[in-house]
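Participant: Line order of the protein sequences matches chains A and B.
Each residue of the first sequence is one higher than the last, beginning at 1 in my numbering.
Each residue of the second sequence is one higher than the last, beginning at 1001 in my numbering.
Treat each hint with caution, since some may be false.
Short derived list, chain A residues pointing at chain B, Cβ under 8 Å [claimed, not checked]:
#1 Q5
#2 F8
#3 T42
#4 P116
Quick caveat, the hints were computed from the structure, so don't treat them as lab data.
From the three backbone atoms N, C-alpha and C, an ideal C-beta is built for every residue, glycine too.
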Amino acid sequence: MTTNQLMFAIFAAVIIIFSILTVTSRRILRAATFLLFVLVATGGMYFLLRFNFLAAIQLTLYAGGIVVLIIFSILLTSHIGEKLEAPSVKKIIPAFIAAGFGAALCILTIVQHPFPQEVISSSERTDIRVIAKALISTEKFGYALPFEVISILLLAAMVGAIILAKKRKD
Amino acid sequence: MFEGVPLTWFLITGTIMFFVGIYGFLVRKNLITMLMSIELILNSVNINFVAFNKILYPGHLEGMFFTIFIIAVAAAEASVAIAIIINIYRRLVNIDVEKMNEMKY
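Input sequences plus hints: build the corresponding full structure.
Facilitator: The following block contains the structure:
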């Protein structure tokens, strides 16, 4: 077993175990903490694949931004020691069947599909200048338009969040 | 194959994470926990994009850019969703989906 396989096994185990705990934990603050572990392990997987810039984004934006936002909203809307009521069996069984059936189908398809084996994957890191140039380039493999669209989306989300969460005067 | 790790392993990890997210979305009643399930689903898609990019097309960067844009969309979605949740909490003092049966107030 190589180092990469070992690291992958650790990250995959953390992702699977803690994502199951995230959706089954009855204490909501603990569920948010488990979600944080899942997101950090995903960032580790990006590091394993040598996408360093992406891993940094994952850690700062997801683990540092979204999880903190979720934890703040949990603290605003529920008590810390509060336990959620357990979901009824009537709800668990159909959800489990749907998720299990879908997962089995997908995994079966993935295992049977012949992916090309001869592609030699490079382990070199992506230069940050290549990413920066692609994000503002308008030529082939340039992402200027989605970049601008996403900036407008973020502005709209910001304005919308402020308006929605503002206290009404009436 | 990425230095000993086959593509299939990444895809299976992503699949399990995705369907765990689906299960949580169907079972949970609290709005914030449902939002966390959605984050799980988005993350599993990101893992798939990145693994495909690195292992099948190592010279390109499309998967990475899609992942960056998905992360940005997820951030926007989380902020608006949490604003809506806090607004609902202020009106109904509760964030259970089953107790929300009216959109107009």
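Participant: Now tell me if each hint is right for this structure.
Facilitator: Hint-by-hint comparison with the structure:
Interface hint at Q5/A: satisfied, since its Cβ lies 5 Å from the closest Cβ of chain B, which is below the 8 Å cut-off. Contact between F8/A and chain B, as hinted, is supported at the beta carbon level, the nearest pair being about 5 Å apart and thus within 8 Å. Hint on T42/A holds. Least Cβ distance to chain B is approximately 5 Å, under the 8 Å limit. Nearest Cβ of chain B to the Cβ of P116/A: about 7 Å, under the 8 Å cut. The hint holds.
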